[in-house]
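Protein chains: 2
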Amino acid sequence: MLATLREVFALHGFGEIETRAVEPVERLAGDSDASKEIYAIGRLNAEEGGDRRAKEAKLGLHFDLTVPFARYVEENQGHLQFPFRRCQIQKVWRGERPQEGRFREFYQADIDVVGRDTLPEHLEAEVAIVMARALRALPLPPARMHLNNRGLVEGFYRGVGILDIAGALRSVDKLDKIGPDGVREELHGKGVSAAAVDAILELAAIQTPDGSFVDLVEALWDHSPIVDDADEARAQFDRGARSLAVLVDAVNAAVPETAIADLRIARGLDYYTGAVYETVLEGHEDLGSICSGGRYDSLVAGGGFPGVGMSIGVSRLVSRMLGAGIATASRSVPQAVLVAVTDEEHRGASSAIADRLRARGIATEVSPNAAKFGKQIQYADRRGIPFVWFPGAGDGTSPDGEVKDIRSGEQIPANADTWAPPTEDLKPRIVRG
Amino acid sequence: MLATLREVFALHGFGEIETRAVEPVERLAGDSDASKEIYAIGRLNAEEGGDRRAKEAKLGLHFDLTVPFARYVEENQGHLQFPFRRCQIQKVWRGERPQEGRFREFYQADIDVVGRDTLPEHLEAEVAIVMARALRALPLPPARMHLNNRGLVEGFYRGVGILDIAGALRSVDKLDKIGPDGVREELHGKGVSAAAVDAILELAAIQTPDGSFVDLVEALWDHSPIVDDADEARAQFDRGARSLAVLVDAVNAAVPETAIADLRIARGLDYYTGAVYETVLEGHEDLGSICSGGRYDSLVAGGGFPGVGMSIGVSRLVSRMLGAGIATASRSVPQAVLVAVTDEEHRGASSAIADRLRARGIATEVSPNAAKFGKQIQYADRRGIPFVWFPGAGDGTSPDGEVKDIRSGEQIPANADTWAPPTEDLKPRIVRG
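Sequence order for the protein chains is A and B.
Position one of the first sequence corresponds to residue 36 (our numbering), numbered consecutively onward.
Position one of the second sequence corresponds to residue 36 (our numbering), numbered consecutively onward.
Check each hint, because a few of them may be wrong.
Stated by the list, open to error - Under the rule of at most 27 angstroms between Cα atoms (straight-line distance), these lysine-lysine pairs were calculated in the BS3-like manner:
1. A:Lys126 to B:Lys209
2. B:Lys212 to B:Lys225
3. B:Lys462 to B:Lys410
4. A:Lys93 to B:Lys126
5. A:Lys462 to B:Lys462
6. B:Lys462 to B:Lys126
7. A:Lys126 to A:Lys462
8. B:Lys126 to A:Lys462
To be clear, the hints were calculated from the coordinates, so they are not data collected in a lab.
Turn these sequences into a full structure, and let the hints steer you where they fit.
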């Protein structure tokens, strides 16, 4: 799976970087929600004085790939060419309560494009297209990308007079969890008027597979309780609506039936300023979003470096693929062939055959023992190795022998310089369950 | 580099496993030397009671891949087929003083074959051959594998009356660092007689590129101060010598001019019982061993699971390759082609060309802007992208255009369904410096 993701990312010009597992805790702890989950590290037996120990205690394992990427860009800005495209596929660590789909150590696969001062809007579509193609390259049920635009939402919220926009977004983000009544209650508690709450819940209910949401949100604005002096809010709202319509159409043009404009998508983080993305796997909606992200104005604390990125939660996806029988591996070992050994004196002949096969890219093991052939076939069978090769008589200089497909039982004469297993047996692959 | 190692390992039937980054500290701390270097982890803000916190504090980051592999085999022994072959390529962490070639976070690449109760001796050669081939597949100076046999050495040490064999081995392991006089002094301090010290230093000086060392060590035995009642020691010595001769010849037969019998190789760890390996890169002897390992009787504390394994210190090797100009990357980005954009209205035409190229495995980026072509060529040049594609006029349905090799300046008409870059430009590759 990781190889497939890497390949799709590389085809689109996203080169891979890797960062160290630790970051300074003060960088990691910026987001107060996440800081509870940080694992700090320290030398087990720090003997070199308190100062040093204290200094080292300020490192923690990264809990996502965004914090390390931000540091990377900041530190290397003089050497990077912008817009800078990168993918990053690494483990992250969170001290969460482990449960299905929630791990304390898991893989994330991120792509981002970051500009120095500006970043063209069409990259919001490109990032979504690359991720949609990556998901299609995996043996998964259809993935639906739910898209929204932060400007559209913020403009609307400001239009109906909401002051604490981040707080309102965080409430709306809980729609799935606590339902409209729960959100209504929270927003009332935050001092939002009943009419405004109705309006933003109406906005959140709009979902279209194309640009037709534009007419719906404009009509909603027209009959909502808009405050005086809302021209700027309206302009932000209009820009966001146009941008979202372009985005949905561009993604669907490149990867048909993928994108949906979904005005409910909030993404709790303050961080996002343009497109926001969530992705749901058909039939596995309970998993939540398997691939999320958005557009941001500033990757680093000091400002500058606007970007857009998305992240796949790889481990939770693999866990579901295996657990729900969506896909599995065709075998657990790389080798396609076991070369039998007639007796220990002729092990060299078997090794020579194996090397001929390996020279042509066929992964091969030489039987570790010279037991009866029946036992050696059983050895292959237990490991899922599909073919057993029997060397011909002689001193090992001949490529001739016989090869048995132990699944069908068929055994044929074969030459180790020309025979190859069927393509689908050459390497282990992911197969639909 | 990691991909090359994985490929060679897989061709020889070593499937990859991956283990979590942490292990219980009591497992990690078994080796007292290493325990100083362990990084323990703990939740930054543990709020769920002291008990839980105390429990979590007992986890540490692994400092090698052997401890996690031993746990893996122990926990999964009911599901594994033995002999079990695995490769493992992961980061490890050590709280060392950072310096050239010594990192606090670095990659190791290990292969091991582990049996349940027994393990055939020929696997000692196989593991060395696989590693020698992996090193040859990388753009490195010639790597020399220095091989020894623990049984030979122990038999000899017992023969000359040494009681603390592990202690003597640890002293001899320092030959490079402290020289023969330093070793002599240490051994005298440990109560070894002058005659015995002379004998084991003579043994350590023997080095042959083939089995001819056997005559030399036998002659040395014959004129050394052997204790009474040394029959068992002699038998162990002889078995080890025969085994080492077979090993050196087998490795050199498979990978010519690689293996040397080097009786100086001690490997400090008590752990090893048969073959021991170190590997030195010609012209880079100061790096120390880049690939080491050996045969052991028991992977896990309880006994059982004899195995043989070797480990490459990948990061120190990469660091030297880059630092000494041995090798570098042909470019830092995956894409071979930048498709120019005539103007923003025709971005779709450029994207269509890019998708035609990608469909044939050619990594391609579409220019993020529609600046003057000179600027777009400069954009490619700065990133090391070798080709720029100029789409033909029209609506984007035609695959025709022109492609420029920006290194030579040559520009030719090309069809996006048939043109491909030269093989050496298709992907970034490692090139000799």
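Outcome of the hint check:
1. For the hint pairing A:Lys126 with B:Lys209, the CA-to-CA distance comes to about 38 angstroms; that exceeds 27 angstroms, so the pair is violated.
2. A threshold of 27 angstroms between alpha carbons decides the hint, and for B:Lys212 with B:Lys225 the separation of about 18 angstroms falls inside it, so the pair holds.
3. Proposed proximity of B:Lys462 and B:Lys410 is supported: the alpha carbons are some 24 angstroms apart, at most 27 angstroms.
4. Between the alpha carbons of A:Lys93 and B:Lys126 the distance comes to roughly 21 angstroms, so the proposed pair stays at or under 27 angstroms and holds.
5. Taking the CA atoms of A:Lys462 and B:Lys462, the gap is about 22 angstroms. The hint holds against a cut of 27 angstroms.
6. Note on B:Lys462 and B:Lys126: the hinted pairing holds, with a Cα-Cα distance of about 25 angstroms set against a maximum of 27 angstroms.
7. Proposed proximity of A:Lys126 and A:Lys462 is supported: the alpha carbons are some 25 angstroms apart, at most 27 angstroms.
8. Our distance criterion of 27 angstroms between C-alpha atoms is met by B:Lys126 and A:Lys462, whose separation comes to about 26 angstroms.
Taken one by one, the earlier hints fail for this structure only at number 1.
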